[in-house]
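Q: One-letter residues, chain by chain:
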Amino acid sequence: MTRERSWLWLWLLLSSVPASADEINVAVAANFLGTLQQLAPAFQQASGQQLVISAGSSGQLYAQIKQGAPFDVFLSADSERPKLLETEGLGVAGSRFTYAIGTLVLWSARPGVVDADGNILRSANLRLIAIADPKNAPYGLAAQQVLTALRVWDQFNRDHRISMAENINQAWQFAATGNADVAFIARSQLAASVDGKAIGGSSWEPPQSLYSEIDQDGLVLTRSAKRAAAESFMRWLRADSHAIALIKAAGYRVRE
Amino acid sequence: MSLSLDLDVPRRDFRLQLRLTTPSTGITALFGRSGSGKTTLLRCIAGLERAARATVRFNDEIWQDATQFVPTHRRRLGFVFQEASLFPHLNVKANLEYGLRRVPAAQRLIKLDDAVSLLSLTHMLERQPHQLSGGQQQRVALARALLASPQLLLMDEPLSNLDIASRNDVLPHLERLHDQLSIPIVYVSHEVNEVMRVADHVALLESGNLVAFGDIQDMLTRPDLPLAHLDQAGSVLEGVIAEHDSRFHLSYVDVPGGRLAISLRSVPLGRPVRILVEARDVSLALSPPQHSSITNILPGRVLDVSEDRDPAQRLIRVDVGGKPLMARITARSVQQLKIAPGVPLYAQIKSIALMD
Amino acid sequence: MIANFFSAADLAALWISVKLAVITVACLLLLATPLAWWLASGRSKARIVVEAVTALPLVLPPTVLGFYLLLLLGPYGPVGRLMLSLGLAPLSFSFGGLVVGSILYSMPFVVQPLQNAFQSVGTRMLEVAATLGAPPLDRFMSVALPLARRGFVTGGVLAFAHTLGEFGVVLMIGGNIPGRTQTAAIAIFNHVEVLDYASAQRLSLTLLIACFTLLLIVYATNRGARREWVTP
Chain A
1 MTRERSWLWL WLLLSSVPAS ADEINVAVAA NFLGTLQQLA PAFQQASGQQ LVISAGSSGQ
61 LYAQIKQGAP FDVFLSADSE RPKLLETEGL GVAGSRFTYA IGTLVLWSAR PGVVDADGNI
121 LRSANLRLIA IADPKNAPYG LAAQQVLTAL RVWDQFNRDH RISMAENINQ AWQFAATGNA
181 DVAFIARSQL AASVDGKAIG GSSWEPPQSL YSEIDQDGLV LTRSAKRAAA ESFMRWLRAD
241 SHAIALIKAA GYRVRE
Chain B
1 MSLSLDLDVP RRDFRLQLRL TTPSTGITAL FGRSGSGKTT LLRCIAGLER AARATVRFND
61 EIWQDATQFV PTHRRRLGFV FQEASLFPHL NVKANLEYGL RRVPAAQRLI KLDDAVSLLS
121 LTHMLERQPH QLSGGQQQRV ALARALLASP QLLLMDEPLS NLDIASRNDV LPHLERLHDQ
181 LSIPIVYVSH EVNEVMRVAD HVALLESGNL VAFGDIQDML TRPDLPLAHL DQAGSVLEGV
241 IAEHDSRFHL SYVDVPGGRL AISLRSVPLG RPVRILVEAR DVSLALSPPQ HSSITNILPG
301 RVLDVSEDRD PAQRLIRVDV GGKPLMARIT ARSVQQLKIA PGVPLYAQIK SIALMD
Chain C
1 MIANFFSAAD LAALWISVKL AVITVACLLL LATPLAWWLA SGRSKARIVV EAVTALPLVL
61 PPTVLGFYLL LLLGPYGPVG RLMLSLGLAP LSFSFGGLVV GSILYSMPFV VQPLQNAFQS
121 VGTRMLEVAA TLGAPPLDRF MSVALPLARR GFVTGGVLAF AHTLGEFGVV LMIGGNIPGR
181 TQTAAIAIFN HVEVLDYASA QRLSLTLLIA CFTLLLIVYA TNRGARREWV TP
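Chains as they are written, first to last, in our numbering: chain A, 1 to 256; chain B, 1 to 356; chain C, 1 to 232.
It should be emphasised that the hints constitute simulated quantities derived from the structure, not laboratory data. Quick caveat, the model's predicted, so the values are computed rather than measured. The beta-carbon is built from N, C-alpha and C at its ideal position, and this holds for glycine as well. Just to be clear, a hint being listed does not mean it is correct.
[What the hints assert, rightly or not] Just so you have them, the derived chain C footprint on chain B, three or more residues with Cβ under 8 Å: (1) 98 to 105; (2) 304 to 314.
[To be verified] To be clear about the criterion: a stretch of chain C counts as covered by chain A if any three or more of its residues have a C-beta under 8 Å from a C-beta of chain A, and this derived list gives those stretches: (3) 52 to 58; (4) 65 to 79; (5) 87 to 97; (6) 132 to 146.
This is chain A alone, in the form it adopts within the complex (with noise of 0.2 Å):
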């Protein structure tokens, strides 16, 4: 190989891929990525501009924010971390508002298993159920708030019959394996598909009186270049008409 060309290919294995001035970059909360994904072509095809997507757990992705991570904005699955950026100067201020309300459903992936009212809680079938780690998942917390107005928390930590996923993905799964007989998960992965199937099973929407509203906030971060362009992300994420209902259709609320 002749000297040039070993510094071209040098130079292409070294470099990364140039930002453009079209791209915004844009950190989620790994349970809302699917919907993002969703949401990227439609903005740009009414903006012309693209989404560069980053996704991870809402506790990671708030480190690296804080560490100086180059992103614009900043949609997290809670609303705790989006208001400590904002108090620590890291979010631009008015900035924040809740993009997406979720909701929890009681799942199992057998049909028949969990009927409408929730009873399969007070069932002494139930030997295992899922959920997210309430100490760092808003719907792991919800969960918690769930079974402790229905007075089984207590009675199930004794019995051993909780088992704490890391995420409300991994609970779907335990419960989709069927490792686990039910899984408080999000609605929104209800609405998801598997390879183009719909998810089965059977569910339950507890009423939101048992728990906390689990609201999923965004912010533009200050560290952002593109100010602009990523408050004009924001406005049609919290506005438009078409970014509302594919947020809906994937199985979030959104504030009226």
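Given chain A, work out where chains B and C should sit, using these hints.
A: Coordinates of chains B and C only, in the frame set by chain A:
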């Protein structure tokens, strides 16, 4: 070109303490039992071990003293280890060239072809080390060391790991080396037979101390040294091929004191030859024997009579042409023949004993 | 055809993974060789400490390593601030940061086999080379390196496969930015998150087959070499 040593090396089981100056040519054997410090000594000479208190001088170069230490790779020496230690990732030729290539052309004393023919390696050059027998590997190791053009050659029991066949394969090459090389060689061994065949001088080591040092003929026969009392104890006679007798398949060798017959050797006349005579193959007579099948008879004078390990035997040292010859005979014969220092007599060597 | 099999994003992720593995292995072989040599032949007491430090990434949870790297290399950390003051962008959230993280994370996988290989060369061969007039660096290059070849192969292969499979470190220090720091392993994770198992399978199988083939090739070539080198 001589090696001068002054060492004090404490080890786990012994303490190597000696002062020695080796002669500038020929083979000096370091002889002793295992654990006597021979290998340590050799490695200190080579710089492979760094003795805390040592002075090693070769010719005018100080290899080690209190203020400096010349690392091994800068000492112009060759080392043949007990295990051939050929580089497994190189073939024979590459092994041989390893040292050769690291000597500047102007300082090279020996060519590849010369070393190859000297050690009979001609048909092995393309082979890999693991394809060679033990003896062949050791010959390659020897040639490799020589090709580095050393001024001093060190050999650490090079034949100990070999079976008899391999040993007999390598030994003649060592003997030839002895005749052809002008550099001094230090040869470590615990086998008397090897020492008898190749050494010119012997340094006797015991528990890290130098017990005695001298030329081989002397060292082998001195009654105060353990060498004379070994089972294979004997003497060495240096002679010259004087005549060949193809009728009886004999060669005649002139040694100081007379002429001996050995089996026919295809060696040119005038070539020096070393003859090993075991003490038990020498018998003594007061008058020249007649009508005897023994034809190797040398006149001499008794030097001394000593006790042997076996109380029935005695060791007699006889001066033959100025060189010592040792005989082992019964105490009874000593008394009957009144053998005592100064007595003139005839030493008879059973001819067969000289064939090898 | 390949372009139809994988999405553009997945292809980019594969390319980043391969790039990362190759560069990491190259850097590691360069860095680990003198280190492994010193560990194998050195005698100072510091060896023990260095050995423990080098082995640390084996037992450290990858996310911990990634987290500390993030702190160190980010714009608020000591290394990041230094780089900024020199006019350079910090390494966090860049491919360079992935390389640094991978090098640290896979270091023991190269150092340990190399160290073992150097140790098994033993002192005799090097003593022989010294008696033949070879100075220390020459001995290393002409004797130790060739005889330790197997260690290089093992270390290189292990580091390559290990880097391909890296997740926690890469996610933390890289930030999962498509086209820049999104490796194949993270892309698989993304697909699983959105229940796109088909894509996850495609990527996973590709990585699995690639690693397995690589291992096969390496062990096949190694086998032939081994038989001849029965050192005394």
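Q: May I ask which of the numbered hints given earlier this structure violates, with the numbers listed in increasing order?
A: 2, 3, 6
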